[in-house]
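Colleague: With the sequences and hints as input, model every part of the structure.
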Amino acid sequence: MMARVDFYILEQAKDTERLTFTCRLADKAVKQGLNVHVHSESSAQAQQLDKLMWTFRQDSFVPHVLAENKTDQPNPVVIGHQQPDKYEADVLINLTAEVPAWYIGFERVAEIVDSSEQARESGRARFRWYREQGCEPQTHKIG
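Numbering (our numbering), first residue to last: 65 to 207.
I should point out that these hints are in silico values taken from the structure, not numbers from a laboratory.
You may find that some hints are simply not true.
BS3-like mimics (lysine-lysine), calculated; alpha carbons at most 25 Å apart, straight line [to be verified]: (1) LYS205 - LYS78; (2) LYS78 - LYS115; (3) LYS92 - LYS205; (4) LYS150 - LYS134; (5) LYS95 - LYS150; (6) LYS92 - LYS150; (7) LYS95 - LYS134; (8) LYS134 - LYS78; (9) LYS115 - LYS92; (10) LYS115 - LYS95; (11) LYS205 - LYS95; (12) LYS92 - LYS78; (13) LYS115 - LYS134.
Between beta-carbon pairs, the in silico distance windows are [what the hints assert, rightly or not]: (14) GLN137 - GLU196: 34 to 42 Å; (15) ASP149 - GLU105: 30 to 38 Å; (16) PRO127 - GLU196: 22 to 30 Å; (17) ALA189 - ASP149: 38 to 46 Å; (18) ARG192 - GLN137: 17 to 25 Å; (19) ASP149 - SER179: 30 to 38 Å; (20) ARG195 - SER124: 31 to 39 Å; (21) GLN146 - MET66: 33 to 41 Å; (22) GLU75 - PRO138: 30 to 38 Å; (23) GLY169 - ARG192: 17 to 25 Å; (24) SER106 - GLY207: 36 to 44 Å.
Predicted model only: the values in this text are computed from it and were never measured.
Built from N, CA and C at the ideal position, the CB exists for glycine as well.
Modeller: Put into structure tokens, the structure is as follows:
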């Protein structure tokens with residue numbers, strides 16, 4: 065079965081906006097009973113998201129763990145910058161400029177694209193790539 069792919073196009077070019085939206089999206093998925101794997105660009109970005117999951121909203125708490133600290137206990141959100149050992153999540157949130165080759169292990173893929181020219185270009189390339197694979201990505205403009 066082909067993954068459902070959604071592109072979220074942000075009006076802002078700030079990385080903080082992109083990471084805050086990632087937290088909101090992960091929170092929404094968890095509330096729908098879904099498990100999420102956030103694929104970050106780096107260990108530093110994963111650490112930044114780890115902190116932001118606690119603070120992005122005044123009442124925010126999204127149960128999560130960094131991939132390197134993962135145990136056998138189930139966690140609704142896992143944040144990492146490498147390919148996961150097992151695909152225990154329903155949703156992949158991709159924050160990298162490339163489509164991970166292992167995206168096929170997920171039911172849904174979320175691509176978050178900010179308004180910087182570099183992000184838009186790599187987002188367009190990923191959009192085309194998914195279409196070439198037979199996916200029909202959906203686009204959502206986020207103001």
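Colleague: Which of the listed hints are broken here?
Modeller: As far as the earlier hints go, 8, 15, 16, 17, 18, 21, 24 are violated by this structure, in ascending order.
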